[in-house]
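Engineer: Single-letter residue listing:
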Amino acid sequence: MLLPKFEYHEPSTLQEALKLLSDLGGNAKLLAGGTDLLVRMKRKIDKPSHVISLARIPGLDEIVPRNGHSVTIGSAVSAAKLAGHELLSDRFTPLAMAAGRLGAPMIRNRATIGGNLVNARPAADLPPACMVLDATLKLKSASREREVLVNEFFRGPGETIIEQDELLVSIDINTPAPWSGGSYIKLGARKTLEISMVNVAVMLTLQSPDGSITDAKIALGAVAPTPVRALLAEKQLIGATPSEALFEKAGQVGVGTCSPITDHRGTMEYRCMMIEVLTKRCLMQAFERAKSWRPGR
Amino acid sequence: MKRIIQMTVNGEPVELAIEPNRTLLQVLREDLELTGTKHGCGLGDCGACTVILDGAPVNSCLVLAVQANGREVLTIEGLEENGDLHPIQKAFVEKGAIQCGFCTSGMILSAKALLDHNPRPSEIDIRTAISGNLCRCTGYQKIVEAIQAASETMAGSGGDAR
Ligand SMILES: Cc1cc2nc3c(=O)[nH]c(=O)nc-3n(C[C@H](O)[C@H](O)[C@H](O)COP(=O)(O)OP(=O)(O)OC[C@H]3O[C@@H](n4cnc5c(N)ncnc54)[C@H](O)[C@@H]3O)c2cc1C
Ligand code: FES
Ligand code: FES
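Chains as they are written, first to last, in this note's numbering: chain Y, 1 to 297; chain D, 1001 to 1162.
Among the hints, a few may not be true.
[Said to hold, decoys possible] Straight-line distance between alpha carbons at most 27 Å, and here's what the computed DSS-like set of lysine-lysine pairs gives:
1) Y/Lys-29 with Y/Lys-42
2) Y/Lys-29 with D/Lys-1002
3) Y/Lys-47 with D/Lys-1002
4) Y/Lys-5 with D/Lys-1002
5) Y/Lys-5 with Y/Lys-47
6) Y/Lys-44 with D/Lys-1002
7) Y/Lys-29 with Y/Lys-5
8) Y/Lys-42 with Y/Lys-5
9) Y/Lys-42 with D/Lys-1002
10) Y/Lys-140 with Y/Lys-47
11) Y/Lys-19 with Y/Lys-140
12) Y/Lys-29 with Y/Lys-140
13) Y/Lys-291 with Y/Lys-249
14) Y/Lys-47 with Y/Lys-19
15) Y/Lys-19 with D/Lys-1002
16) D/Lys-1142 with D/Lys-1090
17) Y/Lys-235 with Y/Lys-291
Honestly, the hints are just simulated from the structure, not real lab data.
Sequences are here, hints too, so could you generate the full structure?
Structural biologist: Spelled out as structure tokens, the structure:
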């Protein structure tokens, strides 16, 4: 499959990239890892006449911890780097786990977090993880800058609030409170290279190792046109004493959040059953991690 | 408009003028005549086009050649040492891990990237490392065995053999 012709730009500063993006208007596409864009261009879904590479913009591929209170992740950080990052695995567990499940090793070496969020596929791996971590996205254009919560970012399949002239610069996440733990479960028909049938991300915070739940976040992917937070299920959990029965209940309530479809990857009924089971399982795993939380290094 | 790129391919510096819409896979096969890298799906699904770019395996069908400017590429042709097959290549031959051979270059490069970072992988590590490389012939078992055998040879026969 051949790529259509286009002009290629390789700006070496963010300012230059933003200027190109605003000057070229709708004829330009940003290129990060290319694992979505180049496929869409080969399939003639996207036909940009200009492609602007992010590769030479300094800093976009860095993970910067901020004194233990937060972390800034550049939009061009690869899934492989997220998955292998010690601090992320330890404190921002759902994101590192989700990145480790994205595609196969070769895809993970190229695919970026920015591309995954902006591409906004309902079944994508990183959006639910970013949602339970309450990530903030920094968007920049040549003339303005804004910060939006990831929970307000997605509009529909392939649609976000990002404007044509904006670039997603970074993803900022505050460090979860002490006694927090998280997990991520992806269900596909095969282990790798699989668009998920259902995916679940969870963060739980406890008052103390044997205390009640002070905060709970659950996000589900592939079950609705955008990834969704299971707010009613979260409500069940907050203030309650953790138990297997409670997590089972939360799973049942969580199903109510979803409007899954029947397709070749699975029927609606099967998906609902899986949402229930996987939400419970993910909560159990997050609970175990929250109990064994250790003070920072 | 054509662009001039410079990259190192199998240890040799090369300079080319190419159109930006050409993939690294096309340039390797068509301009540099390194046809050991295969073109399967062209969409990132099969791994036949796997090459090692700055130490990491990638699908060369989803990398623009211009993106490889200034970088180092290793293809299957770059594996032999002094006219001798690389230990992973030998193990594939000896263990019968090759049938039609279409997946083999990609498999071997994924295996090499694994063994470079993790000389003593578990079976799960091996299966994960080749999970983006599809083989329609062998059923994978012999490929996994070949990579295990290569890791033993490469780590040396003495000492910490498992
Ligand atoms: C074989 C295969 C398997 C896959 N498996 C999975 C999977 O299991 N799970 C999953 O979630 N995805 C999967 N994907 C999809 C894809 O790999 C991911 O969505 C990836 O994270 C996209 O990132 P990228 O850097 O490659 O994006 P690109 O292709 O470079 O860009 C994607 C889109 O985002 C825009 N964009 C990129 N960066 C920015 C930015 N900083 N600011 C504004 N816009 C930007 C681009 O213009 C483009 O429209 C798979 C893809 C392939 C080919
Ligand atoms: S040809 Fe590149 S992955 Fe199939
Ligand atoms: S040997 Fe034929 S595809 Fe693997």
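Engineer: Against each hint, give a clear statement of whether it holds in the structure.
Structural biologist: Outcome of the hint check:
{"no.": "1", "hint": "Y/Lys-29 with Y/Lys-42", "in the structure": "14 Å, holds"}
{"no.": "2", "hint": "Y/Lys-29 with D/Lys-1002", "in the structure": "19 Å, holds"}
{"no.": "3", "hint": "Y/Lys-47 with D/Lys-1002", "in the structure": "19 Å, holds"}
{"no.": "4", "hint": "Y/Lys-5 with D/Lys-1002", "in the structure": "11 Å, holds"}
{"no.": "5", "hint": "Y/Lys-5 with Y/Lys-47", "in the structure": "9 Å, holds"}
{"no.": "6", "hint": "Y/Lys-44 with D/Lys-1002", "in the structure": "22 Å, holds"}
{"no.": "7", "hint": "Y/Lys-29 with Y/Lys-5", "in the structure": "13 Å, holds"}
{"no.": "8", "hint": "Y/Lys-42 with Y/Lys-5", "in the structure": "11 Å, holds"}
{"no.": "9", "hint": "Y/Lys-42 with D/Lys-1002", "in the structure": "20 Å, holds"}
{"no.": "10", "hint": "Y/Lys-140 with Y/Lys-47", "in the structure": "23 Å, holds"}
{"no.": "11", "hint": "Y/Lys-19 with Y/Lys-140", "in the structure": "11 Å, holds"}
{"no.": "12", "hint": "Y/Lys-29 with Y/Lys-140", "in the structure": "15 Å, holds"}
{"no.": "13", "hint": "Y/Lys-291 with Y/Lys-249", "in the structure": "20 Å, holds"}
{"no.": "14", "hint": "Y/Lys-47 with Y/Lys-19", "in the structure": "20 Å, holds"}
{"no.": "15", "hint": "Y/Lys-19 with D/Lys-1002", "in the structure": "23 Å, holds"}
{"no.": "16", "hint": "D/Lys-1142 with D/Lys-1090", "in the structure": "13 Å, holds"}
{"no.": "17", "hint": "Y/Lys-235 with Y/Lys-291", "in the structure": "20 Å, holds"}
Of the hints listed earlier, there is not a single one the structure fails to meet.
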